[in-house]
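Sequence order for the protein chains is S and R. Quick note: the UniProt record's numbering has the first sequence finishing at residue 521, numbered continuously throughout. Quick note: the UniProt record's numbering has the second sequence finishing at residue 321, numbered continuously throughout.
Among the clues, some could well be false.
[To be verified] Cut-off 30 Å, straight-line C-alpha distance, at most; resulting in silico cross-link-like pairs (DSBU-like, lysine-lysine):
#1 K148/S <-> K228/S
#2 K146/R <-> K486/S
#3 K125/R <-> K333/S
[As the list claims (entries may be wrong)] If you anchor each label on the Cβ, the simulated ranges turn out as follows:
#4 W300/S <-> G100/R: 38 to 44 Å
#5 L110/R <-> Y334/S: 34 to 40 Å
#6 F365/S <-> I122/R: 27 to 33 Å
#7 G100/R <-> D98/S: 42 to 48 Å
#8 V313/S <-> L110/R: 27 to 33 Å
#9 V88/S <-> V287/R: 46 to 52 Å
None of these hints come from the bench; they were simulated from the model. Each residue gets a CB set at the ideal place from its N, CA and C atoms; glycine is no exception.
Now for the letters of each chain:
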Amino acid sequence: MRKLSILLVILLVASLALTACGTDGTDTADTTKETQNVTVDTSKDYSKEKLVVWSFTDEFAVAGDVEYFEEMYTAPGKPFEGLEVEFVAVSIQDGYMDKILPALESGNGPDIFSGELDQIKLFIEAGYYGDIESMMENDPDVDLAAEKADYKEYIWQSGIDPATGKLAALSWQVTPGAIFFKTDMAAEVWGSEAGFPELGSADYNTAVTNWMNANKFNTIENLLTAQKEVKEFNSSWRLFSDDQAVRHFAAGTNNPSMWIDENGTLNPAKIKEQIPYINLVKEMYGETIGESLTANAAEWSGPWFDAMDKDLVDAEGNTWQVMAYSMPTWGLKYVLELNIEKVDAEGNTLAKPGEDADQAEKDAFDAAPFKGNWGMASGPNSYFWGGTYLGINADTKVPEVAFAFLKSMLFDKERLAARQQADGDMYSVESIMAPVIAQYDGRESLGGMNHLKVFNDEAAKIDLSNVTIYDRGLNDLLGVHITNYKQGAEGYNSVADTLKAFYADVQVTYPEIYVDGLPTE
Amino acid sequence: MKKIKDKVGYLFISPFFLVFFLFNAYPIFFTLYLSMTRYKGFGKKVFIGADNFKLLFKDPNLVDAFLNTLKIWGVNIIFQIFLALLLVMIFSDIKYKVKGLGFFRVIFYLPNLIAAATIALIFMKLLDKDYGVVNQVLFNIGWIDKPIGWLTKPIMAQMSVSGIQTWMWFGNSFILFMASVQAVSKEVFEAARIDGAGRFQVLMNITLPSIKPILMYVMVTGLIGGLQLFDIPFLITDGKGFPEGSLNTMIVYIYNMAFVHKNYGYASALSFALFIVIMLFTVVFTVMTNRTEIKEFIQNRKIKKARKKELYALKGSAKHE
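Could you build the full structure based on these sequences and the hints that come with them?
Laid out in structure tokens, this is it:
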């Protein structure tokens, strides 16, 4: 027994010692880091090296980016002949951040890794991303000034490391959002109002969109009025499926305040900015669909998808129709268009061909028109949702290879043009997008609207310099209390109660940014 | 040579201690260390002493999260054991002689084999207030005239999760209880029956005493698992404790604190507090349910000590003589 006790005490002491000796987490942000090499080391046997790439989506594999890199750089006779490329995709839902942070912290992180805007802010603050601007300067094949001029300014600015003033991450994408709405429903509700375009007039969808932008979706107040008008017109119609659709308009302005002020604490101006949005959500809520201004169909739920082209049937057998969805660039192509039914000339729904169907059948389905006619409007403010940024690990052992991968993704204009043509997405590179927008025939699902131009204009209004690493967490935290307030939870009788509860949470969750005396109205 | 032989035993037991040290002791002490730092999951760990523990007393969500956990666990464990005992009564009744025990064992255990994520997704769709199948069926057969907020009303959401947990785990308890009952000779049950014992008397005097150790095991592991309830409450709504924080269990709260808000220091303090609470609960529970055994143990120790003393006294007096 005595011996066992001694053994346990030894284990306890060893545990404590190991804990104390564990990484002291010395701040990895090092502003004096040497610029990483970008030239091919001819003395190195690259067939023994490996490039590890992590991303939260599988698009590098699906879009053929890894394959292209291998073809250009690791194939026989190429600079990094025989080098192995390992691509790891971990979705956000599967804990991308929970997996990559410990890997980076332990010094065994991937050579290249991606992130959304608030994630790259965190990577930059932690010093995980290396300085790619200096690498660009040192590479004779890259013209730094020309690239900087070619990329959208806000995309470039958002990837700059404030500690060094140098670029640490960059994205080839822009992901502005819009409100996609059914023009036929809009025409029925507001068709008799002054200035609403006549059905069949030239460029009808664009004209309806412009009218909606000017009259119904331009302010938070008008957005609320529009929802009431839709419900008044037809008691089974709703403008949005649920209040998640308006969360993008919480700021209500294209010049939003930052969550954190110049003192590094919670910004009172940002709180005040949120109040109209809190009131909007409260007004939209109803315990039953009949009482609500929405169809109470949560974002990404089955009914949310169904309402894109069908009537919803609730438990009581009532039917509901939804007019509009807030979604970004990728939402149109990968969500909306994939879920809207296709119809034949008589308006009958076409069955989706199976994977084993012949090509002619698939082509006929692709060419068939979508059910319904959609418009694409701006909300009270421009917004973005998603987007993939890329950066190089500050501690990578193969910086020249990592930079070559980055070049193939971001600065190889031929590749970017081919990629854009294949996926039809919005890119942040002016030289790629300008000719595409000019020659674009228009989107069939949007009645021939040049949606790329609309997105391009929206993107130009977005200011990403106000995003902080706290944004996602604070929005989540406030969202919890707004939900409690809208549902009339105990103790949530007013906006002031909601904000007080939010502050109490901030005090324990982010004590470093909490200050007394924050506004409650 | 003999000395080396004596110590070989330590080599054989070392794998346990190594695994225990690496996967139990080290994480516990590392969590304790983290709880005394401000740490975002990257960069410096700033030592702040007991500040995170002081925050526990200011935290507006802590008590609610703990009570939510207890409520969901409490209802679940009562129904789980009740259901398992009821089935044990039916399957061990010598008069009924229910056949197909093996088949029913598999059927009852089946929910335990389905991934929690799948179960959460299925019930999320079934229990949806406005578009769910359950309300649709109840409405069609005329049992309700307006939809029930299974997952939108706080108390209903808690009871729904308790119900799902019961459905998932009663089969496991049933198998354990049944195994204990089957270890008792059938003759005992037959004798009781011949002596005129009713079903309740058989349950109280034969079945329950025979499964008492397993019952305690189920209660204690259920308590430990229940206080760490995470997957269903996290997945069935929005992962933030909706509605009105009623599904914000301790582990859901700790998860969000660490992995959403990146406050690893405070999340560690919360984890450590929960660890202590679970330990206390387990000790209290074990003492309460094993009073007789503990009394016997203490008495035996006292007797042993007294004997040892007597023995020493005898040896001492023998030396003096």
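Hint by hint, here is what the structure shows:
Between the alpha carbons of K148/S and K228/S the distance comes to roughly 46 Å, so the proposed pair goes past 30 Å and is violated. Pair hint K146/R plus K486/S holds up; C-alpha atoms about 21 Å apart against a cutoff of 30 Å. Between the alpha carbons of K125/R and K333/S the distance comes to roughly 26 Å, so the proposed pair stays at or under 30 Å and holds. Distance hint check for W300/S and G100/R: the Cβ-Cβ separation is about 43 Å, which falls inside the suggested range of 38 to 44 Å.
Between L110/R and Y334/S, the C-beta spacing of about 36 Å keeps the proposed range 34 to 40 Å intact. For F365/S and I122/R, the hinted distance range of 27 to 33 Å is satisfied, since their beta carbons lie about 32 Å from each other. For G100/R and D98/S, the Cβ-Cβ distance of about 45 Å falls inside the hinted range of 42 to 48 Å, so the restraint holds. For the pair V313/S and L110/R, the beta carbons lie near 31 Å from each other, so the given range of 27 to 33 Å is met.
A beta carbon spacing of about 50 Å between V88/S and V287/R agrees with the range 46 to 52 Å that was offered as a hint.
Consistency note: the structure conflicts with earlier hint 1 alone.
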